[in-house]
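First to last, the sequence lines map onto chains A and B. Each residue of the first sequence is one higher than the one before, counting from 1 in my numbering. Each residue of the second sequence is one higher than the one before, counting from 1001 in my numbering.
Check each hint, because a few of them may be wrong.
Which stretches of chain B does chain A cover? Using the computed rule of at least three CB atoms under 8 Å from a CB of chain A, they are [to be verified]:
(1) 1005-1018
(2) 1030-1036
Computed spacing ranges between beta-carbons, pair by pair [what the hints assert, rightly or not]:
(3) B:P1047 <-> A:R120: 50 to 56 Å
(4) A:A13 <-> B:G1067: 53 to 59 Å
(5) A:E170 <-> B:K1005: 15 to 21 Å
Please keep in mind that the hints were generated in silico from the structure rather than gathered at the bench. Backbone N, C-alpha and C fix where the C-beta goes; we use that ideal spot for every residue, glycine too.
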Amino acid sequence: MAFDAASDVSDEALMVLYANGDRPAALALTERVTPRVMAYASRLLGGDRAEAEDVAQETMLRLWRVAPDWRQGETKVTTWAYRVATNLCIDRQRSRRRRGAVGLDDAPEIPEAGPGVEARLQTMQRLDALQTALQALPDRQRQAVVLRHIEGLSNPEIAAVLEIGVEAVESLTARGKRTLAAALSGQREALGYEDDQDAG
Amino acid sequence: MRMTKMQDDALDRLFAEAAANPPAPSANLMDRVLADGLALQPAAPGPKRVLKTPGPGVLAQLAAIFGGPPALAGVTAAALLGIAVGYLNPDAAESLAGGLIASGTEEFFPSVDFLTTEG
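Produce the entire structure from the sequences given, and follow the hints as far as they go.
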């Protein structure tokens, strides 16, 4: 049986199928979970694609190993994966700080010339500015803001990922957004924002 | 520090743009992850062994000869009754049998004395 992203089979059911030797389930889980984990890790690690891919592969490796013991109904696969990826990213960030290394963003992708290239460049510029502003946030605020406003998780889901209370999540996301807005306010024109005539 | 609604809206649009343009995993990463998954995947459980069901026992075979368990039970009961009657009250057995059972002794082999006497 083939499972694609539109299949009604849940990630949790796929885990059980995978643990029972169903090979299409391995492909479906790879395709569903890996991109999400990789994108999340990339945003936590300042856009470092190589490190983000390492985190994604390690996260999925742990997922494969835990599959035989997976119990449906206890937690969502994505919640589990985000939690593991968060902890792996924290470890890498601590290691960087100890080494005094500065995370290098990958060289920006240069869009091919053609219709829409200017719009694409502007999009890239805005996303780079957002990534730079995210990197300036404290780790916990960055994790909460990315999970809430980019990955689209609910506050209870974020609480499960970060292993904190829901109120703590709300506080982190609110403070994170305020800090981001302040950091980006000086770039409104460059980022294509309308002039802000309302103060306070 | 409070955000204005315009700042809030602009930031939400930026978040939406980021969500719509995620950094994509390389094909190499996807291949490695799948290879790991297949290498670590437990083997599928094999087909269940079907135990050979035992054949009918001796009693079941005997019952089949007599036309089934109820018939065998009836034959058995009748046999036991006959043994009981014959043992406990032989006269009753004679009358029940309608005289077919010999209650007295019969000489099936007459005396052979004449064979041994002269004259």
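Original post:
If you check the beta carbons of P1047 of chain B and R120 of chain A, does the distance land in 50 to 56 Å?
Top reply: With a Cβ separation near 55 Å, P1047 of chain B and R120 of chain A satisfy 50 to 56 Å, so the hint holds.
Original post:
Are three or more residues of the region 1030-1036 of chain B within 8 Å, CB to CB, of chain A?
Top reply: holds (count 5)
Subject >> chain A over the region 1005-1018 of chain B, status - at least 3 residues with CB closer than 8 Å >> reply: holds (count 11)
Original post:
Holds or violated: 53 to 59 Å for the Cβ distance of A13 of chain A and G1067 of chain B?
Top reply: Once the Cβ atoms are compared, 54 Å apart, the range 53 to 59 Å for G1067 of chain B and A13 of chain A holds.
Original post:
Between E170 of chain A and K1005 of chain B, is the Cβ distance one that fits in 15 to 21 Å?
Top reply: Since the Cβ atoms of E170 of chain A and K1005 of chain B sit about 19 Å apart, the hinted range of 15 to 21 Å holds.
Checked against the numbered hints above, the structure breaks none of them.
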